[in-house]
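Student: In case you want the letters, here they are:
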Amino acid sequence: GAVVSQHPSRVICKSGTSVKIECRSLDFQATTMFWYRQFPKQSLMLMATSNEGSKATYEQGVEKDKFLINHASLTLSTLTVTSAHPEDSSFYICSAARQGANYGYTFGSGTRLTVV
Amino acid sequence: AQKVTQAQTEISVVEKEDVTLDCVYETRDTTYYLFWYKQPPSGELVFLIRRNSFDEQNEISGRYSWNFQKSTSSFNFTITASQVVDSAVYFCALSFNDYKLSFGAGTTVTVRA
Numbered sequence: 002g003a004v005v006s007q008h009p010s011r012v013i014c015k016s017g018t019s020v021k022i023e024c025r026s027l028d029f030q031a032t033t034m035f036w037y038r039q040f041p042k043q044s045l046m047l048m049a050t051s052n053e054g055s056k057a058t059y060e061q062g063v064e065k066d067k068f069l070i071n072h073a074s075l076t077l078s079t080l081t082v083t084s085a086h087p088e089d090s091s092f093y094i095c096s097a098a099r100q101g102a103n104y105g106y107t108f109g110s111g112t113r114l115t116v117v
Numbered sequence: 006a007q008k009v010t011q012a013q014t015e016i017s018v019v020e021k022e023d024v025t026l027d028c029v030y031e032t033r034d035t036t037y038y039l040f041w042y043k044q045p046p047s048g049e050l051v052f053l054i055r056r057n058s059f060d061e062q063n064e065i066s067g068r069y070s071w072n073f074q075k076s077t078s079s080f081n082f083t084i085t086a087s088q089v090v091d092s093a094v095y096f097c098a099l100s101f102n103d104y105k106l107s108f109g110a111g112t113t114v115t116v117r118a
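Protein sequence lines correspond, in order, to chains A and B. Using this note's numbering, read the first sequence as starting at 2 and increasing by one per residue. Using this note's numbering, read the second sequence as starting at 6 and increasing by one per residue.
Hints are computed from structural coordinates only; laboratory data are not their basis. Don't be surprised by glycine CBs; every beta carbon is placed ideally from N, CA and C. Do not take every clue at face value.
[Unchecked claim] Restraint-style ranges between C-beta atoms, simulated for each label pair:
(1) A:15 x B:15: 45 to 53 Å
(2) A:42 x B:68: 23 to 31 Å
(3) B:85 x A:54: 44 to 52 Å
[Claimed, not checked] Computed list of chain B residues with no C-beta within reach of chain A, every gap over 10 Å:
(4) 22
(5) 25
(6) 29
(7) 31
(8) 47
(9) 49
(10) 64
(11) 77
(12) 83
(13) 100
(14) 104
[Stated by the list, open to error] Listed below are the simulated DSSO-like cross-link pairs for lysine-lysine, each with C-alpha atoms no more than 27 Å apart in a straight line:
(15) A:67 x B:21
(16) B:43 x B:8
(17) A:67 x A:21
(18) B:8 x A:15
(19) A:15 x A:42
(20) A:56 x B:105
(21) B:8 x A:42
(22) A:67 x A:42
(23) A:67 x B:75
(24) A:65 x B:105
(25) B:21 x B:105
(26) B:105 x A:21
(27) A:15 x A:65
Whenever a hint applies, use it, and build me the whole structure from the sequences.
Tutor: Right, here's the structure in full:
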């Protein structure tokens, strides 16, 4: 079945530093990937839609300069949290969609970011 | 605009009891997809089911069953004979053809031995 690998699973960083999270589709090509954020005991909120070879589309209220998304290949999308602050501490999850299909969107295992 | 409402925040049951999770959705689209995901304490999202708007047949998969009623815009999920391993947060979600998922707030299910 479709597998999406997300790394790292946990990261602790100092305030002001940047953190990169990777999302890879292992056995299929993903033209579109999605990045979600989940605060404790809350639902998943879509941050942005990442399309291979083009700029990401950000949801309202998400700072594109703070959350840099790069989707340079059909199997890799990265999310970089720049100048992270404690309020950016959250659970970040990516999902990947198969080309030409509307499947059950395979999700990565998530990254728990803690900014101290 | 699309919206998913899971009115039940938390449900606690004793093992072997049945538990039904409610999901009500709003959309103006005639073609849409409904999903249920399970999120155990480890955090990953486990896909349970996808249903398109033209298929109102109920579905059963082992101890899981789903009831899709377009007339009431509901897509309810029942766990029969619950087990401790069913303890998790369950999310109902809705998507249009652009793949984006709109999630409900989630229902935390706790199954006690």
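Student: List, from low to high, the hint numbers that the structure doesn't satisfy.
Tutor: Structure breaks hints 1, 8, 9, 13, 14, 15, 18, 23, 25.
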